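Protein chains: 2
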Amino acid sequence: MITLRPNSPPVRILLGPGPSECAPEVLQAMTRPTMGHLDPLFVALMDEVRTGLRALYRTQNELAFPISGTGTSGMEAVLVNLLEPGDALLVGVAGYFGARLAEIGRRVGARVTEVAGEWGRALGPEDYRRAAAGKRFKALALVHGETSTGVVADLAAMRGVADEFGALLIADCVTTLGGMPVEIDRWGVDGAYSGTQKCLAAPCGLSPVTLSPRALESLAARKTQVSSWYFDLALVRSYWGQDRAYHHTAPIQNVYSLHEALRLLLEEGLEARWQRHEHNARALWAGLTAMGLELLVPERERLLPLTAVRVPAGIDEARVRRFLLEHYSLEIGGGLGSLKGKIWRIGLMGAGSKRANVELVCGALRAALVEQSWKAKDYPLPAVHAFYATV
Amino acid sequence: MITLRPNSPPVRILLGPGPSECAPEVLQAMTRPTMGHLDPLFVALMDEVRTGLRALYRTQNELAFPISGTGTSGMEAVLVNLLEPGDALLVGVAGYFGARLAEIGRRVGARVTEVAGEWGRALGPEDYRRAAAGKRFKALALVHGETSTGVVADLAAMRGVADEFGALLIADCVTTLGGMPVEIDRWGVDGAYSGTQKCLAAPCGLSPVTLSPRALESLAARKTQVSSWYFDLALVRSYWGQDRAYHHTAPIQNVYSLHEALRLLLEEGLEARWQRHEHNARALWAGLTAMGLELLVPERERLLPLTAVRVPAGIDEARVRRFLLEHYSLEIGGGLGSLKGKIWRIGLMGAGSKRANVELVCGALRAALVEQSWKAKDYPLPAVHAFYATV
Chain A
1 MITLRPNSPP VRILLGPGPS ECAPEVLQAM TRPTMGHLDP LFVALMDEVR
51 TGLRALYRTQ NELAFPISGT GTSGMEAVLV NLLEPGDALL VGVAGYFGAR
101 LAEIGRRVGA RVTEVAGEWG RALGPEDYRR AAAGKRFKAL ALVHGETSTG
151 VVADLAAMRG VADEFGALLI ADCVTTLGGM PVEIDRWGVD GAYSGTQKCL
201 AAPCGLSPVT LSPRALESLA ARKTQVSSWY FDLALVRSYW GQDRAYHHTA
251 PIQNVYSLHE ALRLLLEEGL EARWQRHEHN ARALWAGLTA MGLELLVPER
301 ERLLPLTAVR VPAGIDEARV RRFLLEHYSL EIGGGLGSLK GKIWRIGLMG
351 AGSKRANVEL VCGALRAALV EQSWKAKDYP LPAVHAFYAT V
Chain B
1 MITLRPNSPP VRILLGPGPS ECAPEVLQAM TRPTMGHLDP LFVALMDEVR
51 TGLRALYRTQ NELAFPISGT GTSGMEAVLV NLLEPGDALL VGVAGYFGAR
101 LAEIGRRVGA RVTEVAGEWG RALGPEDYRR AAAGKRFKAL ALVHGETSTG
151 VVADLAAMRG VADEFGALLI ADCVTTLGGM PVEIDRWGVD GAYSGTQKCL
201 AAPCGLSPVT LSPRALESLA ARKTQVSSWY FDLALVRSYW GQDRAYHHTA
251 PIQNVYSLHE ALRLLLEEGL EARWQRHEHN ARALWAGLTA MGLELLVPER
301 ERLLPLTAVR VPAGIDEARV RRFLLEHYSL EIGGGLGSLK GKIWRIGLMG
351 AGSKRANVEL VCGALRAALV EQSWKAKDYP LPAVHAFYAT V
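Chains as they are written, first to last, in the numbering used here: chain A, 1 to 391; chain B, 1 to 391.
In short, the hints are calculated from the structure, not lab data.
Values in this document were obtained by computation on a predicted structure and should not be read as measured data.
Hints are supplied without guarantee of correctness; some may be wrong.
The list treats identical chains as one, so a pair stands whether inside a single copy or across any two.
Derived DMTMM-like pairs (lysine to aspartate or glutamate); straight-line CA-CA distance at most 20 angstroms [said to hold, decoys possible]: (1) Lys223 - Glu103; (2) Lys340 - Asp243; (3) Lys354 - Asp378; (4) Lys340 - Asp316.
With the sequences and hints as input, model every part of the structure.
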């Protein structure tokens with residue numbers, strides 16, 4: 001007879017690319033009594049979630065709700081709804097998640113033009129213009145915060161670029177939403193998606209999406225049916241919107257946790273939260289560079305919630321991560337794709353973006369490096385303290 | 001400034017078509033500390049989940065893991081992987097979820113032949129043979145327990161039927177898995193999916209799937225790429241299997257809850273659990289019929305975890321459900337599609353399948369009907385007690 005052992009996970013300090021630490025209230029919210037997915041009280045809660053997501057995305061868009069899946073499900077949902085087979089898609093690819101956008105675009109049947117760039121650098125408007133070569137596109141898609149490289153794109157500049165191609169503007173906000181400015185309406189973004197397990201500090205399992213009125217028009221004007229039934233936003237919308245038409249059973253407990261995360265986020269204040277993420281990111285950069293470590297990305301293109309650090313020559317990067325996990329119960333990320341083995345990725349996201357974690361990860365990383373006979377330039381904490389003294 | 005109110009859901013007694021009541025331990029499991037999706041301890045937990053799912057599905061299939069989405073995502077994942085555009089699909093459609101199977105099959109690009117049947121009756125092998133009209137099919141798909149009608153299909157008889165058409169056998173086990181026998185290997189099912197929020201008594205948000213070796217061969221022999229990246233089982237399998245290749249961030253907290261639900265289920269024993277569901281279903285039938293209510297489905301074709309009850313003439317069915325919710329905090333389901341307004345659906349699933357709920361729902365339903373001047377034949381509890389005295 002098969003028996004399973006009770007699961008007793010240790011307390012991890014989650015400073016990788018996500019999942020990040022959830023606020024205890026957010027985890028507790030998952031234990032609240034389950035309601036039916038059409039219960040009038042649950043429907044009222046859904047409306048609160050939509051209101052919270054609009055505030056978070058800084059948008060008046062009617063369509064703003066979570067897809068019942070992880071961040072990648074939001075990526076697929078937005079592309080499969082806004083693109084039809086044969087449509088031209090221009091995608092910025094300077095990292096793993098840009099490549100994923102292009103791959104999903106191809107699977108949807110779009111004719112994909114990739115804007116190739118160095119992993120670790122931002123693509124600029126000129127890169128898009130060069131790759132577009134004067135052609136028109138149904139959509140321009142890019143990753144706002146590239147989790148694989150720690151680069152932030154200048155999303156605010158992209159509306160004008162998309163307009164030159166007659167394109168809808170689609171942005172991956174998985175790592176940026178809730179951790180730094182995302183201005184859907186002001187920046188003219190037509191389709192955006194995110195995940196709950198990064199700067200929102202909620203458990204993984206939902207992907208908040210939003211579509212502009214222009215994107216909805218495009219959806220209404222489709223000549224072909226959306227190939228996915230699960231991700232058909234017209235159907236999901238009729239459940240999350242006024243009709244309340246049954247589509248699938250919403251993951252009630254995950255919606256509870258997202259609601260609580262949004263409630264805490266609005267209580268903290270969106271700007272205050274952005275500032276917190278920025279302060280802690282800059283303190284981390286000060287600490288790491290004071291130690292003699294090199295950051296992958298030039299400061300102006302650096303993503304705040306996630307920092308990529310070059311692995312020094314002669315260091316076994318996986319051994320460092322094992323050391324951190326074993327001696328500090330601390331998780332940081334390794335590199336993906338062409339950066340595998342070459343960088344670490346340190347996330348300060350959501351509830352994990354706090355001063356204590358900055359000092360901890362600097363100290364622990366230094367210890368892990370010294371364990372491999374690496375000569376640290378300086379004990380990094382004075383640099384961290386000096387940074388905080390200035391803000 | 002926008003603020004959200006704290007969410008304080010009432011305790012509902014969930015006797016609808018799902019979500020069902022979760023065991024308190026299962027909800028509590030969601031609050032355990034989050035681990036990373038590649039943490040060695042999480043990877044060990046994933047293996048336990050796969051072991052538990054194999055025991056639950058009664059299979060030796062290597063591929064057995066949860067899709068990161070609700071039950072419908074499992075339906076879409078199995079179809080989009082096992083079918084290619086142009087493939088012939090034979091689907092049993094005698095209810096809402098059979099129709100959904102056909103719809104998703106069409107979206108995948110399959111040539112769908114529907115085996116039409118009366119909603120509330122089971123389709124038999126002869127119905128499939130007649131509709132197949134001597135043709136061959138890539139797959140035969142059917143709903144094991146049709147949640148919209150309360151009918152159970154004779155899945156054990158379908159392997160032979162599928163073989164006549166050279167077809168893979170696909171079964172929707174959303175409402176049956178964990179609540180009544182599902183014998184993937186013995187019955188020769190090639191692809192099956194389920195949900196967590198019914199007889200598994202876990203929160204909604206994951207869809208356990210399994211594929212037979214023959215289904216995996218079919219997957220490996222595909223001529224076209226799977227159109228969905230999120231649901232590409234070859235990719236998801238390389239994360240859940242030996243490679244541990246990153247595909248998407250697993251919903252850690254949901255996996256914790258599924259693991260705990262599987263642990264409790266195996267502790268109870270699968271056969272004991274089936275028996276519990278059967279006893280309580282039969283007691284419910286005794287109580288309802290003693291009251292003078294008519295069940296939609298003939299006894300031999302009746303699904304155990306979910307019972308469809310005809311709404312008596314002159315009764316406002318929605319008013320009954322409002323009455324139950326308001327006075328008893330009790331949820332039952334209404335009809336879907338062509339049965340809308342004509343039936344109630346009463347689920348006794350997972351932790352909700354218990355004697356107290358049988359008596360409660362009979363008593364409360366009687367009160368709701370009497371409130372609309374309906375003449376109850378008999379107070380139903382003696383019939384319920386009489387039933388339990390016999391088992």
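Structure-based check of all given hints:
For the homomeric pair Lys223 and Glu103, the shortest alpha-carbon distance between copies (18 angstroms) is at most 20 angstroms, but the shortest distance inside one copy (22 angstroms) is not. In this assembly of identical chains, Lys340 and Asp243 lie within 20 angstroms of each other by CA distance solely across copies; the values are 16 angstroms between and 47 angstroms within a copy. Proximity of Lys354 to Asp378 under the C-alpha cut-off of 20 angstroms is found in neither arrangement, the shortest distances being 22 angstroms within a copy and 65 angstroms between copies. Taking the shortest alpha-carbon separations for Lys340 and Asp316, only the intra-copy value of 12 angstroms comes in at or below 20 angstroms, while the best inter-copy value is 63 angstroms.
The structure shown violates just one earlier hint, number 3.
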